[in-house]
Amino acid sequence: MDAVFLQILNGLDKGAAYALIALGLTLVFGTLGIVNFAHGALFMLGAFCAVTFNKMLLISTKILDPTVTLFKAYKEKPYLEIWFPDVGPVLVDYSVPLSILLAIPVMLLIGFILERGLIKHFYSRPHADQILVTFGLAIVIQELIKAVFGANPIPQGAPDILAGSAAVGSWIGLGENVVYPWWRLIYLSFSGIIIFGVFAFLQFTTYGMVVRAGMRDRETVGLLGINIQKRFTIVFSLATAVAGLAGVMYTPILPPDYHMGMDFLVLSFVVVVVGGMGSLGGAVLAGFLLGIVQSFASMTEVKAILPGIDQIIIYLVAVIILLVLPRGLMGRAGVMDD
Amino acid sequence: MKIGTMNDLTRFLIFAVVILAMPVWLDPLGGNYPDLLQKFAIYGIFAIGFNILFGLTGYLSFGHAAFLGVGSYAAVWSFKLFTMNAIPALMFGVLFAGALALIIGFLSLRRSGIYFSILTLAFAQMSYNLAYSVLTPITNGETGLQLAQSDPRVIDNMFVEASAGLPSTNLFGLTMSGYPGFYFCAALLILGFFISMRIFRSPFGLMLKGIKSNQNRMMYTGLNTRPYMLTAFVISGMYAGLAGSLLAITDPLAGAERMQWTASGEVVLMTILGGVGTLVGPMIGAGLIKYFENIFSAFNDTVLAEMFSYLPDALVELVVPVVGLFVGSGWHLTLGLLFVVVVIFLPGGIVEGVDKLVKFIRNREKNVGGKVTPQDQPGE
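If you read the sequences in order, they're chains A and B.
Using this note's numbering, you'd call the opening residue of the first sequence number 1 and step up by one each time.
Using this note's numbering, you'd call the opening residue of the second sequence number 1001 and step up by one each time.
Check before you lean on any hint, since a few could be wrong.
Footprint (simulated), chain A over chain B, 3 or more residues, beta carbon under 8 angstroms [stated by the list, open to error]: (1) 1098–1111; (2) 1123–1134; (3) 1337–1347.
Note that these hints are calculated values from the structure, not bench results.
None of these values were measured; they are calculated from a predicted model.
Heads up, the beta-carbon is just placed ideally off N, CA and C, and yes, glycines get one too.
All chains should be modelled from the sequences, with the hints used to inform the complete structure.
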């Protein structure tokens, strides 16, 4: 029972990352009709926003080390700690959550530039062309990051107060030894909030209503005198920001490196397709579903019966779902039916 | 003469001559290493095969590397178990890749568009992950499958005593490395090109083109498109298997990284760069990518500094790191940019670009003397 509970948590956690990326992918597909293979790279860019923010906070100068008395020793000390002795270290400690403040404007801007500069020209091109151009873009982004930050993963710490594990078991009466890392719980709730936020934005605001109407029938919305294109551009930026935030918060779980985007992209695409192209709810549902399925498949008991199942389970589920349900879990008729 | 209207026989002969003469005309370009030449031929086969599927039917498979990998594994096993001769290895490679393509194709072709791409990608990733984990007894996991002194090599050992040291792959005694290896690959490439040309011109090829332009209409005429698609998929998988086994023949080891989806992406890239649906395009794309990979990867900062030494020192310090981003280990950046640029400006690839250029020059020649008045331009 304990193990099962932990695996569900694990799965939700992994699924949260998939769901966030897949949500953005679906949003872009549903609004602009673009199959964006660069979305994983945007996730990675978000993660590197956190790295950059951390580096910015730690810009240092050399000062005399007072603890060494025999000779003149120098040590590096961040300006931040010199200027604000009280707040400085706390800021550094909380650099990951704080970098959200940097990531949101940066990612919105990147999204805007990408859409206006590149994606715009691909609305009427075939899906194959879109896949190819965004695939090329993903390579470019990835290589630029590699050139700037190097090829090695750069670990980012969660704030000290959240470093340990939460006694999840004792909260719900499962025993003391059922524990789970705090930061992963934070990530789970964070993604819950983001997903809820995106849905609320689309469901309960007039702006979102127009966007949804545009997703259904952009021509009619255009005929009603609404500049749907402008709104879709903003939706693209929003999707970029969602991917970026998912990346920022994921850094303490997985040290970011330049190819993390590609690793997640393939899975996220599987998630989107399983959920049904263009269906936001489907993407989220499929994300969590595949996350949970994957974490159960990695249990030792399961692996003993079916060796290697953890490596292929996601793809296997995807294949089965696609062959049984042509449009994925919640796909609507008429979207990508060919 | 325009490439598009050339007689097939002439085209084939030119292709054969150009391929066989590669060591000659690549020499001044710095591309005359047997290893590189072999890669040209092998990836040419891979891309030509991919083009039979993507170019003719429009189905974008993102999992072709799986067949390449299976071809390699099958070839190495043939070396280990039976003989170091290249012919059985080729046959096993093609056979196993074809069998895998039959299974994957049968399932994936139930869907079209992006669903097909994702299904093939999923199958390829499954093969890749399995090769790394459970199938380690067959694939030797991360180390990759290699020859060993203790291999049975049943057929070889019947005729000759095993000598000390690892035997090398051969074609009835002719060692398959260096130039002989290249000519072997080149002969197969020319054969592959010929077959692909015949397919493009056959009723079967026309049927596939019909499916590409409108599958529904083809079905309304009472045609069951599935067997045609499946045949194209299997043929294309067999080409990939052939390329994979050639990789193993020229260098007898096989690793799972050949099956990774980035490898599938690479062949898509080659095809697009050269020109989808054209006969020679994929070969040109494969050649260019492998050539630039080889040339660009060799650059490093010292070489660059020498190249730009005629510039003032201050400028050199500025230029070298910037250019250095695009070459050496960063050559993928160039590749990505190239890819984006080609897809944006030249969706038909290099072949289309050349055709356009030829047309442009011809039109200019025609217009010399004759003035183009604004009225001649078609209205918007």
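Task: Hints violated by the structure (numbers, ascending) - done: none
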